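Visitor: Chains as they are written, first to last, in the UniProt record's numbering: chain A, 1 to 217; chain B, 1 to 156.
Think of the hints as simulated: they come from the structure by calculation, not from any bench.
Nothing here was measured: the structure is a model prediction, and the numbers come from that model.
Hints should not be assumed to be uniformly reliable.
[Unchecked claim] Only some residues are given here: those of chain A computed to face chain B with a beta carbon under 10 Å:
| # | residue |
| --- | --- |
| 1 | Thr42 |
| 2 | Trp70 |
| 3 | Leu76 |
| 4 | Phe105 |
| 5 | Val106 |
| 6 | Ser127 |
| 7 | Gln130 |
| 8 | Asn191 |
| 9 | Ala194 |
| 10 | Tyr198 |
| 11 | Phe201 |
[Claimed, not checked] FRET-style restraints, in silico, Cβ to Cβ:
| # | chain 1 | residue 1 | chain 2 | residue 2 | range |
| --- | --- | --- | --- | --- | --- |
| 12 | A | Asn118 | B | Phe7 | 17 to 23 Å |
| 13 | B | Lys142 | A | Met44 | 16 to 22 Å |
| 14 | B | Phe7 | A | Trp209 | 44 to 50 Å |
| 15 | A | Ala194 | B | Pro3 | 30 to 36 Å |
| 16 | B | Phe26 | A | Glu103 | 19 to 25 Å |
[Said to hold, decoys possible] Computed list of lysine to any residue pairs in SDA-like fashion (alpha-carbon distance at most 20 Å, straight line):
| # | chain 1 | residue 1 | chain 2 | residue 2 |
| --- | --- | --- | --- | --- |
| 17 | B | Lys119 | A | Trp109 |
| 18 | B | Lys117 | B | Gly58 |
| 19 | B | Lys49 | B | Leu21 |
| 20 | B | Lys70 | A | Val80 |
| 21 | B | Lys49 | A | Thr125 |
| 22 | B | Lys49 | B | Ile99 |
| 23 | B | Lys117 | A | Glu103 |
| 24 | A | Lys120 | B | Leu21 |
| 25 | B | Lys119 | A | Ala102 |
| 26 | A | Lys193 | A | Asn118 |
| 27 | B | Lys119 | A | Ser81 |
| 28 | B | Lys70 | A | Ala182 |
| 29 | B | Lys119 | A | Val80 |
| 30 | B | Lys70 | A | Thr125 |
| 31 | B | Lys70 | A | Ala102 |
| 32 | B | Lys78 | B | Gly58 |
C-beta: ideal position from N, C-alpha, C; glycine also.
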Amino acid sequence: FADLADMSLSGDITVEGEITVPVGAPSPDEDFSTLDEPVRETIMRDLKAVGKKFVHVMYPKKSSTLLRDWDLWGPLVLCVSLALMLQGGSADSKEDGGPQFAEVFVIIWFGAVVITLNSKLLGGTISFFQSLCVLGYCVLPLTVAMLVCRLVLLAGAGTISFVVRLLVVLAMFAWSTLASTAFLADSQPPNRKALVVYPIFLFYFVISWMILTFTPQ
Amino acid sequence: RHPLATFFHLFFRGSAIVTYLFCDWFSNSFVACFVTILLLLSFDFWSVKNVTGRLLVGLRWRNQIDEDGKSHWVFEAKEVSTVAASSEVEAQIFWLGLIICPVIWTVFFFSTLFSLKLKWLALVIAGISLQTANLYGYIHCKLGGQKSISRTTSFV
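Bound conformation, chain A alone (with noise of 0.2 Å):
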């Protein structure tokens, strides 16, 4: 076969086309003889699917199954969570903590459409929803600095509380941006790795900042 292994193609060949998909084709529900069952089936698998990614964020190893399988459900808890427990931190916060929790919300969830439309315009290979749903569920050992960081500050917000939080901080900041760049560096060409790296660097910093800048009143 020695013929065979000579003759490999270089460079990319664009294929076109349409793809017609059958009308007829079997649905997913004609099998299905009540409503429940279906939508009881439907919730169990997304549920799985996202404790699963979970998983894979704190044992992060690049797999393409998990990132073919993107939602955003993980993301929005993160988010949501992380958004309640940095309520009423700041110097003036005489209201309720609308302004921060919105605040939250919007600078998580800007800042990964940008990094994402960053990294789709070097060239990324990664389709848009999958990394909004990557760089949000690395958002999780941020909420778990949060949570400690707030379980330490009931001790007391003395010195030695300080470098504790600002060490779990560092600690988890770290494990976020490794963790999103084990999974969305490898869609990029190498040369423009550290472009990509730098954005969610920097997203994950902001997000570390407003943890350990969090005094509650």
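Given chain A, put chain B in place with the hints provided.
Guide: Showing chain B alone in chain A's frame:
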């Protein structure tokens, strides 16, 4: 044929709108209202996309990513040879609910913008995008018909 699906189709969207309009009656806390409405909008998006469209009108749209990382938007339509009277009504309710709610959220967008209650803006924008996404997806399914209805979008 699917009264529960019809109910839930309208329930989440309707409750989100009602909660937004009357949030001051329910609770003083902005955060509680924000989170409640956001959760209602998310549940509505998920149930309309995955359940009610499939059951009420036989349409489905989704995003599929194949092995080399390319993302495809797939729009499927079930061939309906006979349309029973009850499913006509359900289809009408489905489309009415699908169309009216994004319009209402757009009205909220302008009212929020001009009354300068900007802290609600993020929520209204989220509502508009979620509901418009479903509307766009289903219209695409409906118009796809018998022709090639699967296309590759290279950007998204």
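Visitor: None of the hints should be skipped; say for each whether it holds.
Guide: Verification of the supplied hints:
1. Annotation: Thr42/A was flagged as interfacial toward chain B, and the flag holds, the nearest CB pair being 6 Å apart, inside 10 Å.
2. With a cut of 10 Å, the hint placing Trp70/A at the interface with chain B holds, because the nearest CB-to-CB distance is about 7 Å.
3. Taking 10 Å as the C-beta contact cut-off toward chain B, the hint placing Leu76/A at the interface holds, the least distance being around 6 Å.
4. Given the 10 Å rule on beta carbons, the hint for Phe105/A holds: about 6 Å separates it from the nearest Cβ of chain B.
5. Because the smallest distance between the Cβ of Val106/A and any Cβ of chain B comes to about 5 Å, under 10 Å, the interface hint for this residue holds.
6. Taking 10 Å as the C-beta cut-off, the interface hint given for Ser127/A holds, the closest approach to chain B being about 4 Å.
7. Because the closest C-beta pair between Gln130/A and chain B is about 7 Å apart, less than 10 Å, the hint holds.
8. Nearest Cβ of chain B to the Cβ of Asn191/A: about 19 Å, over the 10 Å cut. The hint is violated.
9. Among the interface hints, the one on Ala194/A is violated; its C-beta lies about 21 Å from the nearest C-beta in chain B, farther than the 10 Å criterion.
10. Given the 10 Å rule on beta carbons, the hint for Tyr198/A is violated: about 22 Å separates it from the nearest Cβ of chain B.
11. At its closest, the beta carbon of Phe201/A sits 23 Å from a beta carbon of chain B; the interface hint therefore is violated under the 10 Å criterion.
12. The hint said 17 to 23 Å for the Cβ distance between Asn118/A and Phe7/B, and at roughly 43 Å that hint is violated.
13. Between Lys142/B and Met44/A the beta carbons are some 30 Å apart, a value that contradicts the proposed interval 16 to 22 Å.
14. For Phe7/B paired with Trp209/A, a C-beta distance near 46 Å keeps the hint of 44 to 50 Å intact.
15. Judged by the Cβ atoms, the range 30 to 36 Å given for Ala194/A and Pro3/B is violated: they are separated by roughly 57 Å.
16. For the hinted restraint 19 to 25 Å between Phe26/B and Glu103/A, the CB-CB distance of approximately 23 Å keeps it satisfied.
17. Taking the CA atoms of Lys119/B and Trp109/A, the gap is near 15 Å; set against the 20 Å cutoff, the hint holds.
18. Among the hinted pairs, Lys117/B with Gly58/B is inconsistent with the structure: their alpha-carbon atoms are about 40 Å apart, more than 20 Å.
19. For the hint pairing Lys49/B with Leu21/B, the CA-to-CA distance comes to about 25 Å; that exceeds 20 Å, so the pair is violated.
20. A distance of roughly 30 Å separates the Cα atoms of Lys70/B and Val80/A; the hinted pair therefore is violated under the 20 Å criterion.
21. For the suggested pair Lys49/B and Thr125/A, the alpha carbons sit about 26 Å apart, so the restraint of at most 20 Å is broken.
22. Distance hint between Lys49/B and Ile99/B is fulfilled; the C-alpha atoms sit about 14 Å from each other, no more than 20 Å.
23. A C-alpha spacing of about 14 Å is found between Lys117/B and Glu103/A, which places the hinted pair at or below 20 Å, so the restraint holds.
24. Simply put, Lys120/A and Leu21/B have alpha-carbon atoms about 38 Å apart, too far for the 20 Å limit, and the pair is violated.
25. In summary, the hint linking Lys119/B to Ala102/A is supported, as the alpha carbons are separated by about 6 Å, within the 20 Å threshold.
26. The hinted pair formed by Lys193/A and Asn118/A meets the criterion: a straight-line CA distance of about 12 Å does not exceed 20 Å.
27. Proximity of Lys119/B to Ser81/A is assessed by CA-CA distance (about 18 Å); at most 20 Å being required, the pair is judged to hold.
28. For the hint linking Lys70/B to Ala182/A, the alpha-carbon distance of about 19 Å falls within 20 Å, and the restraint holds.
29. About 15 Å separates the Cα atoms of Lys119/B and Val80/A, which keeps this hinted pair within 20 Å; it holds.
30. A threshold of 20 Å between alpha carbons decides the hint, and for Lys70/B with Thr125/A the separation of about 7 Å falls inside it, so the pair holds.
31. Under the criterion of a C-alpha separation no larger than 20 Å, the hint pairing Lys70/B with Ala102/A is inconsistent with the structure, at around 33 Å.
32. About 5 Å separates the Cα atoms of Lys78/B and Gly58/B, which keeps this hinted pair within 20 Å; it holds.
Against the hints set out earlier in the document, violations occur for numbers 8, 9, 10, 11, 12, 13, 15, 18, 19, 20, 21, 24, 31.
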